[in-house]
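*Asks:* Read top to bottom, the protein sequences are chains R and Z. So the first sequence is numbered by the working numbering: it starts at 1 and just counts up by one. So the second sequence is numbered by the working numbering: it starts at 1 and just counts up by one.
What the hints contain is simulated information worked out from the structure, not anything from laboratory work. Keep in mind it's a predicted model, so treat the numbers as computed, not measured. Watch out, some of these pointers could steer you wrong.
[As the list claims (entries may be wrong)] Quick list of the computed label-pair ranges, beta carbon to beta carbon:
(1) Z/D86 - R/A456: 31 to 37 angstroms
(2) Z/R234 - R/D545: 43 to 49 angstroms
(3) R/R633 - Z/F28: 21 to 27 angstroms
(4) R/Y635 - Z/D84: 41 to 47 angstroms
(5) Z/S177 - R/A132: 45 to 51 angstroms
(6) R/R633 - Z/S177: 44 to 50 angstroms
(7) R/T6 - Z/R90: 58 to 64 angstroms
(8) Z/R185 - R/Y627: 52 to 58 angstroms
(9) Z/R196 - R/E719: 25 to 31 angstroms
(10) Z/D84 - R/S748: 41 to 47 angstroms
[What the hints assert, rightly or not] Computed far set for chain Z versus chain R, every beta-carbon distance over 10 angstroms:
(11) T31
(12) P42
(13) G54
(14) V101
(15) D116
(16) Q161
(17) E174
(18) H192
(19) E193
(20) D237
(21) T254
Glycine residues also receive a C-beta, built at the ideal position from the N, C-alpha and C atoms.
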Amino acid sequence: MAGLRTDLGVGVAIARAELRDLLRRNDSRRQRATLALLALLGIPVWLSFIRQGYSLGVTTRGGTSADVVPVARNLLVPGLLVVILFGGLGAAQSLARNAVRPLVLTTASTRAIVVGKLLYILSTWLLVLTLAAGPALAYAVGARAPVFALALLAGGIPLLLLTVGVGLSLAYLLWVSIERLGLPEMARRLVTASLSVVAFLFAFVLGLSLGQTTDSTSGLALPTGDPVVPLGWYADLLFIGSPMAEPPGPRTWAAALAIWGGLPLTFAVLVRLAPAYWYATPADGNADRRKTSGAVPEFESTPSERIGRGAGLFGRSTTLRAALGYARHVARRPDQYVYLFYYLFPVAMVLVPFGVSNPEMTPAALGVGLLLLGVWLTGGVVCLNPLGTEGAMLSQLVLAETPARTFVHARLLVGFAIGAGLSLTGLGIVVVWGAGVPPVTVTTVWVALLVLGGLAATLVVSGAFALAIGSVLPKFETTEVFDSVETLVPSVFAALIHGVVSLVVFSGLTVTVLALSPGNPFGIPRLAALLGAGLFVLALVALADGSRRYAIARLRAYGREKLGLGRTYAVYTAFGLSVLSLLLGQSLSLAAVALLGVEVPVETSDLAALFVVEYLGAVLVGVGFLYVSRRGRSYLDIRWPTPREVGVVAVGLLALLALQAIGSFVIGQLNLPAAENTLFDLEDGDPSLLLVLVPLILLVNGPVEELLYRNVVQKYLTEQFPTHVAVLLASVVFTLAHIPAYLVGGPSLLGVAVTLGLLFGLSCVLGTLFVRTRNLVVVAAVHGLYNATLLVALYLTAA
Amino acid sequence: MILDGTEKTDSGAEQQAAIVAKGLTRRFGETVAVEELNLEVPEGTVYGFLGPNGAGKTTTIEMLTTLLPPTSGQARVAGVPVEDRDKLKRYIGYLPHESPVYESFTAREQLAYAADIRNLDADTADERIEDLLERVGLLADAGDRIGTYSQGMRRKVGLVQALLHDPEVAFLDEPTSGLDPRASRAVIDLIHEQVRTGTTVFLSSHILPVVEELADTVGVLYQGRLVAEDSPDRLVDRRDDSGTLEDVFLEVTTDRPV
């Protein structure tokens, strides 16, 4: 018993140390800011799940007719298999030979090491569990069933432990068998690095079965009979205390016994198997072929790899030669990229069931799958970890004569080539299956150009963005996944973010291409479609070019303090901050709606909350930018206004009002249309609502907008541009950011343009004011008072 | 001459010194890794940097090769301030602690790539690569992937890579680590040869016999400060009982006052 206690203690120490290492290694300003941004953008989804859980709990409080438990019984074992695959096999890497090498040479027993690693793996699953626990707890609260929450926890943890244990054991079996097989080096590498292939195959099979159980007319048929595998009866235990529970019968207890009993058994198997792998010597076929130097050459060796640039394209372009180098890396160490099979998982899960249940559409599904894969792999292969994969060569690259941009462009080139190959094949399949090879007419040529152009744009954005996100969130350490296989896997977050963004870009461009082609299915007027497409493409250009510049700057600045991003990048950042604040504001508003359960028409109290929350996004973006770029709190120019500055406020206010008056007069004289700010539409028959807005405008709207657009964006631009240019640019950003506020209600484009023109002028005044006074409080006051005055005037005319 | 903070009396003309450092300091948060380092390495000589682990040798080399910004102080290499990487980089060759090689390349491909990104003339570079490979004894294995090499072989490739473009100043961080005596000999000879052509070599090492043989001047770094600096012979002569460089090293790298 003492032995067990010691082992437990040692195991806990191991787990603690590994967790600390994991957290500290991934802690940097950029990582923190990115994670915070992701969390804030994803919060509405999570909150809505919680809300749904709660309302579900309330509605089922009295009992339910749904067959939740029988379905759960059937889905339990397949679900466990999925967890085994990802949780167990995936986590097996941390129990691989090289990952335990330092521990194996200590007095820690096998049992202690296994315990420690298991605890570590479980702790890293904690975050995922917490996310899922939220809705479950909400349900328990709604259904007034606290026992349910406890049952879920008590029943769920053994399941998790079991699946991780089984997964790890399977991995060990796999590895030991592979070693005994004595395969040649490359084959062994490919097979042992193939966990992701296994995952993909599993997804494929799952998709197949899902497709077969789906009738394309009646949708998914969930099995409600007795579970095929008796272990499924365990699911009853998870629902104890909830209104859906059925009293656990003998089969449930038998399953529980099997699972709880299986825990120590799995643990014992693991402890038995692990050393067989750790201490084994590979069979002869995999003999370590480490050389020693100093052998005398037997013949005159002719150098087969001369630099030999020679004539031709390769001779003249360093970029192409560097690209060849990167292509060589990919071709010679394909096992490094086997993890890319994970990109196939979503493709398989969606397209395979679709293809199976609609067999006549299978070629189309395949084609679309290849298309998507091409888009993802453009970034995923060589662009996602540009700094990490260089390793120690980074120092040599920055000290070379070849400029940093060559290496970045070379990666982009290789990625594009790979992606284009896949995507064009997929596209070809879709086209040929869909309509056969089309006749060459003006229309088809135009459509073909649109489609190819859209595809090329998607690939470029995917590659460039991968370079940027990979430079922000690199993973520098070499991880030896299996013996003598070294992979430099990029950060999981980088891959996820890249995947999502490329998908969004792909969808957006698909919509754009469809809208612009003849017979467009959306019925958007030509001009609007062109304008929208133009703006979208412009945004994509900014994204791609900005990403490219960032990646180049990060490479160049290796070992230096300043990133040295130029003016163009500064402009991109200014617009990017604005877009981000809009996105974040929307996301937070949605979260608030989910949380408060807001209904339309909006009540006054809710309105205030929503208003504040939306502007919270802008504050977070502004402050977050100062944090990540290390400009700090001192960048904010917040001072109590001097008496003179109070006078300036008054003057500024008068100037704005005068400008507004002149503008309105001119607009009226020229008979031009004007658009209205949707904020002023909210009266909805109750003018007193406007008065509620006044303090909000003064205290929230004014200060926040000035904080972001003047104190952060404009001031940042003055670092790169002359002051008056910075004021103009910041005003452009400010004006464009207000487009959404004026678009609702379908005003004419000219009206919007006119109003925005006036807004631009007002913004320039504010910008100049900020430059002169260098005090945020002054411009915030002017802005707030101006808007408030307009509101009061509106109230007085309405009342 | 053992430094204890007093000023050097003999300072050579700055124009001739390949490496000059004045008050070079590097802090990481609270820790001071290198403190007020003053160096002067004349052209065409070998400076051996000795010190226990954590003394600050790698940090110093990284500062001198523009890969780490100093917290304070200045340094010039080949007359160019270390802040100006774009101007300085063509004059230096750098072999870091970890061999900067691609596992999936062959030695020839690696060196060809290095020559390419340094804009060397193709034919001259080819000849030089073959010549250097032969000198270090890698010619027979040059067509095999670096991933199959031993630690020592990788080191050799890294060294050849650092000297390929005939730099004015070569910074070598533990050039003979992982090498057996025969291989060490080949490396030492190569460095000698390189110095003969006029390159200044700044190397750090733990292996005292190597430093003893190669270095014109030895500097001992301890806890971020230079605690001894002189030619190997004179350093050893300072001790009354005829000892070795190792004895001197051990003596100056303790916490007892000298």
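*Asks:* Now tell me if each hint is right for this structure.
*Replies:* Okay, the hints, checked on the actual structure:
{"no.": "1", "hint": "Z/D86 - R/A456: 31 to 37 angstroms", "verdict": "holds (34 angstroms)"}
{"no.": "2", "hint": "Z/R234 - R/D545: 43 to 49 angstroms", "verdict": "violated (60 angstroms)"}
{"no.": "3", "hint": "R/R633 - Z/F28: 21 to 27 angstroms", "verdict": "holds (24 angstroms)"}
{"no.": "4", "hint": "R/Y635 - Z/D84: 41 to 47 angstroms", "verdict": "violated (28 angstroms)"}
{"no.": "5", "hint": "Z/S177 - R/A132: 45 to 51 angstroms", "verdict": "holds (50 angstroms)"}
{"no.": "6", "hint": "R/R633 - Z/S177: 44 to 50 angstroms", "verdict": "holds (46 angstroms)"}
{"no.": "7", "hint": "R/T6 - Z/R90: 58 to 64 angstroms", "verdict": "holds (60 angstroms)"}
{"no.": "8", "hint": "Z/R185 - R/Y627: 52 to 58 angstroms", "verdict": "holds (55 angstroms)"}
{"no.": "9", "hint": "Z/R196 - R/E719: 25 to 31 angstroms", "verdict": "violated (50 angstroms)"}
{"no.": "10", "hint": "Z/D84 - R/S748: 41 to 47 angstroms", "verdict": "violated (57 angstroms)"}
{"no.": "11", "hint": "T31", "verdict": "holds (16 angstroms)"}
{"no.": "12", "hint": "P42", "verdict": "holds (23 angstroms)"}
{"no.": "13", "hint": "G54", "verdict": "holds (19 angstroms)"}
{"no.": "14", "hint": "V101", "verdict": "violated (7 angstroms)"}
{"no.": "15", "hint": "D116", "verdict": "violated (6 angstroms)"}
{"no.": "16", "hint": "Q161", "verdict": "violated (7 angstroms)"}
{"no.": "17", "hint": "E174", "verdict": "holds (13 angstroms)"}
{"no.": "18", "hint": "H192", "verdict": "holds (19 angstroms)"}
{"no.": "19", "hint": "E193", "verdict": "holds (18 angstroms)"}
{"no.": "20", "hint": "D237", "verdict": "holds (36 angstroms)"}
{"no.": "21", "hint": "T254", "verdict": "holds (30 angstroms)"}
The structure does not agree with the numbered hints 2, 4, 9, 10, 14, 15 and 16 stated previously, though it agrees with the rest.
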